[in-house]
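There are 2 protein chains.
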Amino acid sequence: MSEKPTKSALSESESKPGSASVNPESGRRIRNFRKNRFNEKAILDRLLKGNKTALGQAITLIESNQQAHQSKAEFLVEGALPYAQKSVRIGITGVPGVGKSTFIESFGNHLIEKGHKVAVLAVDPSSSVSHGSILGDKTRMEKLVTREHAFIRPSPSGDSLGGVARKTRESILLCEAAGFDVILIETVGVGQSETTVHSMTDFFLLLKLAGAGDELQGIKRGIIEMADGIVINKADGDNIKRARDAKLEFNRALHLYPEKESQWKPKVQLCSGLHGEGISEVWEMISEYHKKVQENGFFEKNRHEQNKFWLFQTINEYLKNRFYQNEQVKIALKEQLELIEQHKTTAFAAAKLLLNIR
Amino acid sequence: MSEKPTKSALSESESKPGSASVNPESGRRIRNFRKNRFNEKAILDRLLKGNKTALGQAITLIESNQQAHQSKAEFLVEGALPYAQKSVRIGITGVPGVGKSTFIESFGNHLIEKGHKVAVLAVDPSSSVSHGSILGDKTRMEKLVTREHAFIRPSPSGDSLGGVARKTRESILLCEAAGFDVILIETVGVGQSETTVHSMTDFFLLLKLAGAGDELQGIKRGIIEMADGIVINKADGDNIKRARDAKLEFNRALHLYPEKESQWKPKVQLCSGLHGEGISEVWEMISEYHKKVQENGFFEKNRHEQNKFWLFQTINEYLKNRFYQNEQVKIALKEQLELIEQHKTTAFAAAKLLLNIR
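Sequence order for the protein chains is A and B. Positions 1 to 358 (UniProt numbering) are the ones given, in order, by the first sequence. Positions 1 to 358 (UniProt numbering) are the ones given, in order, by the second sequence.
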């Protein structure tokens, strides 16, 4: 039994430094550690020197929904901003099973050997359900996780796509400020997540498997249009012929789309993440792209457009949330939707009624 | 010189019934006419009996931005609603020169001969600039305009796409209440206007010309995915072979897209609006589609989804307009966009600052 029966069990969870079971000196050290762990100035200093622990702490603050953490996160992003922007941001998408983790393991190690610092982030709004499946299984990147010049962070979980997107965008800036010059942003492509990743990256890579010959069926709408490169993974062993056929078919399909604003003609390549084959060619393709769009001005223009997009996106999301989360609006909306279904009101009359609530 | 020199010339524009130059009896008739012209109850009664003059007056009220007219317009739409919904709504798009007017002339006359009543509306947000180019040249529909069972109305002009969309949606309901059972909604496809028309129609028709063999280049993104039917127009004379080649290529392209929720497989047909060839086949295709989606429930489901879409669309447009039209927001937004361009703030910090203005 406790010595303090008047206190509830819950209050015990706050550490009592004076409690007899803790040595006073350790207590002081723990308190200082806790106090400083989220000292934003110290974190920023270490982050700008490339300290990965500080980078991890900074991203934790960004991902936190606590009010106190949010102002610290803002301080960090503001402090990181002058040192950010200097990287290649690469979006990587592909259905589960396509070998994204194995590809990133090979690709990341290749980049580090070429002298780059590689950060791997993820946008996966479903991770609250699947408990962070994406990147959660770091064992598939067993070599990459041990590298000094790699930083791997799973998707922020338990949030809407809008929330995940904001957190990932800010995490990109922090990684760049910490000296990471290649940022890989992975998505499994749930809902609108590819579009979200596309709107925060410079190069968009679609990973595919060679299948039964009808490659384009079943690809989500708009994905091919977004891709700057298509990489057919697992092009090894018995798969080689099918992979080559798939490459032909994708090249044909790409030909059907109008020219991109970047003036880049998307390419199709084969690779084997498992055997590390074709990996250096993927980086050559991205470097070629990067050179071209820096020369023709699209790189800067695109990033500026993305920033503007995110400004308006954030504002519009907020305006909608504030409206639809109003309790009166919720009740009236339900009624109006029923009346619309019964053809007893029009969309416009219903909208007018709802807008008059506030 | 006037007998009343104390009055300004402007005030003369209000008719003075007592003025000596007007016969008292005509004056009374003119006053009654003016009073009743926009008497909404009288308009609704006549509209429901199929009177095209009343339908035209009702749409004029919907298109008006005057406050007094808007409440009358609401009365009319509300009164029309129980009699609306009973039509096939067909969206028709194609670049200028593809022969939309000639096609609609042939198609509309064909439908009237089969016993239908045909209304032709347009969504053309550019018409404020081009002064209503679309449908403006009614001479291209010289036979259709004279038919008792045809109603042709150009796009409401001088408005945003959102405004045009609302007005067209409400005009559709009025046309249906007036007994028109086929509604053709034409667009030249400026900006997002195809998406807008797609979201208010049951069947979406893309008109194309046979070109130089590379048919799919230059087609706006997403249009092929929206199309339920592609009609290659001007398939006559020397064009026949090229039109057949184009048909093959479009069929191949359509094969690449995933199955539609409607379970309808889009079809490609040839026609000559000028010679009236292939016109009855277009209507057969649409009838087949209509039958299929009524049976599998997609027709009702889609209309319901469209109504819901328009409810949210209207609310979200209004919320955005109210925010961005605020003078303080306008000034601060300009500043923040410059700071973003100079990488001195993030999209999220800027959004937060702007949202704090209101």
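To be clear, the hints were calculated from the coordinates, so they are not data collected in a lab. Quick caveat: nothing in here was measured; it's all calculated off a predicted structure. Take the hints with a grain of salt, since some may be wrong.
Note that the list lumps identical chains together, so a pair holds whenever it fits in one copy or between two copies.
Claimed, not checked - Subject to a maximum C-alpha distance of 27 Å in a straight line, what follows is the list of computed DSSO-like cross-link-like pairs (lysine-lysine):
id	residue 1	residue 2
1	291	241
2	41	301
3	308	352
4	86	265
5	49	320
6	41	267
Legend entry - Hints violated by the structure (listed by number, smallest first): 1, 2, 5 and 6
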